[in-house]
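Residue numbers (the working numbering), protein chains in the order written: chain U, 262 to 411; chain P, 31 to 185.
Hints are computed from structural coordinates only; laboratory data are not their basis. Cβ coordinates follow ideal geometry from the N, Cα and C atoms, glycine included. Watch out, some of these pointers could steer you wrong.
For each label pair, taking beta carbons as the anchor points, the in silico distance ranges come out as [to be verified]:
{"no.": "1", "chain 1": "P", "residue 1": "Gln177", "chain 2": "U", "residue 2": "Val323", "range": "51 to 59 Å"}
{"no.": "2", "chain 1": "P", "residue 1": "Arg152", "chain 2": "U", "residue 2": "Pro326", "range": "43 to 51 Å"}
{"no.": "3", "chain 1": "U", "residue 1": "Thr386", "chain 2": "P", "residue 2": "Glu183", "range": "14 to 22 Å"}
{"no.": "4", "chain 1": "P", "residue 1": "Arg151", "chain 2": "U", "residue 2": "Pro326", "range": "46 to 54 Å"}
{"no.": "5", "chain 1": "P", "residue 1": "Gly123", "chain 2": "U", "residue 2": "Gly283", "range": "34 to 42 Å"}
{"no.": "6", "chain 1": "P", "residue 1": "Phe171", "chain 2": "U", "residue 2": "Pro326", "range": "42 to 50 Å"}
{"no.": "7", "chain 1": "P", "residue 1": "Ala33", "chain 2": "U", "residue 2": "Thr386", "range": "44 to 52 Å"}
{"no.": "8", "chain 1": "P", "residue 1": "Glu183", "chain 2": "U", "residue 2": "Cys358", "range": "54 to 62 Å"}
{"no.": "9", "chain 1": "U", "residue 1": "Ala403", "chain 2": "P", "residue 2": "Phe136", "range": "25 to 33 Å"}
{"no.": "10", "chain 1": "U", "residue 1": "Met262", "chain 2": "P", "residue 2": "Glu181", "range": "58 to 66 Å"}
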Amino acid sequence: MAKVFIYPATSLILSDLVARFGHKPLGAALGIRERIQTAGVDSPPLQITPEEPKRGLKYAAVEVPSGVRGRMAIYGPLIEEAEAAVIVTDADLAFGCMGCARTDELILFSLRQKGMPILELKYPTTEEEGVQFVAAIKKFLAGLPNGGEA
Amino acid sequence: MMAEYTPDYVGTVTKYVFVESPSMTPGELALRAYEASEGVLIKETCFGLQVTGEPESVDRLIEEIRAFDPTHIFIKDRGFPPGDPRRCRANLGGARPGYLGHEREFRILRYITHGLEELDRRGEEAEVPETAPVSEKKPVFDIKRLQEIIETEEP
């Protein structure tokens, strides 16, 4: 079972397909869950405390806005942990404020810099593209070093 | 002065179960899931379920739930437990944060379902593209074809 980072990190489709084909999807929920279940100071809604931008310094320089560093404190460890990644390049649901947008760019850059196997594809818009989408992901996941049941 | 935070549901995992099926409603799915729940907390939603419990119990339940309708049931992790006041729309009003993203992907699920069914049907013969599928927008009218028509002076 390989750990596969998914982008968009909140994607239902990617999370399901990666788990369905026998691997562990790494998405935003895992980072958020870790914070929600850790006791500390109350910092609703996501329990992002002033400590997170400090942790984010590992992934972004000090002059990078704290919003990006705070977000990278969630995604950075997941990217480090990842052994492969599946990226949907035309995900219009992965939009947001400047903090989200710049973090997304940094996530994609970090994934590509890591030199691990990456599958990039687009969401299907027809049934035949759906077949190709699923087949491409299945083939990619089956070819990973810790190949799943696919 | 910042207040102290004491988390609930420590050590549990929560997963979303989405059902997009012509033959099964979220209500029916919930009933069948309750039968197999064995202590896992189940919350019915408009799109499916949320299941919360010990990781091993949730994994076991998820495996059973998937078997009800493998190509129409989709599952993903959730960071928050069900009914959390920071996320639950009962407290906030409007759509729950994150719902709109789910709604966007929900429209694509039928293609994924078709893909899964076709791959099962085709088996090993399934044609896997060498490169990832790319849906390029084709021009309404090919410019080369227009040039040909002009040159041949077709009526």
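Checked hints:
1. P:Gln177 with U:Val323: 51 to 59 Å: Distance hint for Gln177 of chain P, Val323 of chain U holds at roughly 57 Å.
2. P:Arg152 with U:Pro326: 43 to 51 Å: About 49 Å separates the Cβ atoms of Arg152 of chain P and Pro326 of chain U, which means 43 to 51 Å holds.
3. U:Thr386 with P:Glu183: 14 to 22 Å: violated (38 Å)
4. P:Arg151 with U:Pro326: 46 to 54 Å: Holds: the Cβ-Cβ distance is about 50 Å, inside 46 to 54 Å.
5. P:Gly123 with U:Gly283: 34 to 42 Å: holds (40 Å)
6. P:Phe171 with U:Pro326: 42 to 50 Å: holds (46 Å)
7. P:Ala33 with U:Thr386: 44 to 52 Å: holds (48 Å)
8. P:Glu183 with U:Cys358: 54 to 62 Å: About 57 Å separates the Cβ atoms of Glu183 of chain P and Cys358 of chain U, which means 54 to 62 Å holds.
9. U:Ala403 with P:Phe136: 25 to 33 Å: 27 Å Cβ-Cβ, so the 25 to 33 Å window holds.
10. U:Met262 with P:Glu181: 58 to 66 Å: holds (60 Å)
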